[in-house]
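Q: Each chain is listed here by its residues.
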Amino acid sequence: MLLVLIEHDRGVVGAPALEALTFARGLAAGMDADCCGLMIGAGETSAGRAAASLGAHGAARLYTVEHEVLSDFGPEAWGESLAQAVAALQPAAVLACGSERGNEVMAQAAARLDLPFAANCIAVTAPAPPATAGTENGGGSWSVTRVQWGGSLLEDADLAPGAQNEAAFFSCALHTVAPAPLDPPPGAPEMLPVAVELDAEMSRTVVADRVVLEAGVTLPTAPVVVGGGRGVGSAEGFAVLEELAELLGGRVGCSRAVTNNGWRPHSDQVGQTGTRIAPELYIAAGISGAVQHWVGAMASKHILAVNTDPEANMVAKADWAVVGDLHEVIPAITAEIRRRRAQ
Amino acid sequence: MRILCCIKRVPAPGARINVSADGSSVDAAHLGFTTSPHEECAVEEAVRITERGGGEVTVLTVGGAEAGEQLRYAASVGAHRGVLVLTDGSPWDPQRTARALTAAVESLEAADGAFDLILFGNESADSGGFQVGVRVACALGRAVVNGIKGIELSQGEARLRARREIEGGFEVYELGLPAVLGVKEGLNLPRYPTMRGRLASKKLEIATLAPDSSAGGQRLRRLHRPVETVSDTAILGQGADAAAAAVDAIAELGLV
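From first to last, the protein sequence lines are chains A and B.
Take the first sequence: its letter number 259 is residue 259 in our numbering, and every next letter is one higher.
To convert, count from 1 in the second sequence and add 1000; that's our numbering.
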């Protein structure tokens, strides 16, 4: 069995869980194994509500864990729950999406079981049968390709859990696969509770409070992102980008140079040490496209670059480019969209 | 307050990273090295906390002798002590690194008392394992939360509130000390060293510990560059005159 950590926030399942299932079911099919989901602390009603969609994305069974400590997300409580579920269910491997929570919970569980965990894989191959021991992928090792440097370098690695039959832990890099339901969708998966014992001390890292800063579209999910780089020149210079982003129902992003200059808050930074975006359209204005920025933007479906330098890396990677000063080009685009909409 | 920051020496982010001919390691010949960005913020935060309330900042790393440069850099921006777990500098798997750090923390705490706060970077900029800090915290039996971009000490520095970004806002964790946090860039804007700091850092006595750890279950086979996405960029024109063509492209996506 492959066990997939179903990431959710207070019962609401998002794209990461469906990405992980889509990734895992392909691997499970190749191994002739079941692909099953594990939902920790979602509550029976929420798990029931999510079951059909999880089944459609590949979960043959849905295991659920409930405990009074699991009132909200908590890395230690989730990690310990996952570790106990792994001990009880004995899966060949555990998979999660390489999101912030996904990687954290997997690290927690792998640490508690002292088993290896390969984060942000783009490919996973199961061990070959024991008969082929001694060959490249024989003798019990999983073979993975995982991302280093946020995706600008790849690492091929072997993952060998300590003793036989112990689980290996993997996360798939965010946006490696697009969530895709099976066609035709199978029926809702059987739901099975898994009992865990959690020390009350585990509640020490459960979320204590939440602060909502903004309603509406956020950077990681925005359908359009208008990004500005060093070429914007100042905090005030972002006004034209804000205007275009608002017009297209999108959000403003920026490069690391911009946050280092204090022109925008770090929460707007797109890149390896910032946010990963995957919009339908990324308009990159005055951004050269250094590796650090590119790895955060490379999941964009279409890119329009605006840059004074036709040789800029971002221009080379874009679908479309306009060569020129963003302070002239962006307002002209905004005006043209307004003109067409008014017609 | 006694604070420990665990840091890693990595090639300077932003540079194009090339791989050695046999794929076993990064080709470091033309690379500058630095402290992994999340950890630079960890050191800055630790220094700010001790500047406000007193205490001592120790910086710990596992690596070759050259990693001493990063300990000295930390001292130049205000850290007080540097400790190097000396290895041959080859890449270690995450379990092994965590075991070595755990052993080092235990030995430092046996000598001088427990650290109130241990800070890690959320993940290293290079290998990006997303786990070493969590493994060390679990081995020490201490609370740990990752992804932290804000720290506030309260109740006479006995507790802390830590903020982590989520979509559209942030979530708050409240921890008693001692605790461990994995922090991210954006926590603060690290200072640059002063001339006085640079001079002082030259005198830093780096304590060296021998590594005491066995290999874990992940073994590096080969590093390689991903296939570059070559895109046939359509140049739509120059300057504001290209706006109509750009809007045609945006309209193709159904966004106008």
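One or more hints might be untrue.
[What the hints assert, rightly or not] Below, a sample of chain A positions facing chain B; criterion: calculated Cβ distance under 8 Å:
id: 1; residue: V207
id: 2; residue: D209
id: 3; residue: T221
id: 4; residue: H266
id: 5; residue: V322
[To be verified] Label-pair ranges, simulated between beta-carbon atoms:
id: 6; chain 1: B; residue 1: N1018; chain 2: A; residue 2: G14; range: 32 to 38 Å
id: 7; chain 1: B; residue 1: R1198; chain 2: A; residue 2: E242; range: 39 to 45 Å
id: 8; chain 1: B; residue 1: G1141; chain 2: A; residue 2: A215; range: 37 to 43 Å
[What the hints assert, rightly or not] Derived EDC-like pairs: lysine to aspartate or glutamate, alpha-carbon spacing no greater than 16 Å straight-line:
id: 9; chain 1: B; residue 1: K1149; chain 2: A; residue 2: E100
id: 10; chain 1: A; residue 1: K301; chain 2: B; residue 2: D1232
id: 11; chain 1: A; residue 1: K301; chain 2: B; residue 2: E1252
No lab work stands behind these hints: they were computed from the structure.
Virtual Cβ for every residue (Gly too), placed ideally from N, Cα, C.
Q: If a hint holds in the structure, say so; if it doesn't, say that too.
A: Verification of the hints:
| no. | hint | result |
| --- | --- | --- |
| 1 | V207 | holds, 5 Å |
| 2 | D209 | holds, 4 Å |
| 3 | T221 | holds, 7 Å |
| 4 | H266 | holds, 3 Å |
| 5 | V322 | holds, 4 Å |
| 6 | B/N1018 x A/G14: 32 to 38 Å | holds, 37 Å |
| 7 | B/R1198 x A/E242: 39 to 45 Å | holds, 40 Å |
| 8 | B/G1141 x A/A215: 37 to 43 Å | holds, 40 Å |
| 9 | B/K1149 x A/E100 | holds, 13 Å |
| 10 | A/K301 x B/D1232 | holds, 14 Å |
| 11 | A/K301 x B/E1252 | holds, 13 Å |
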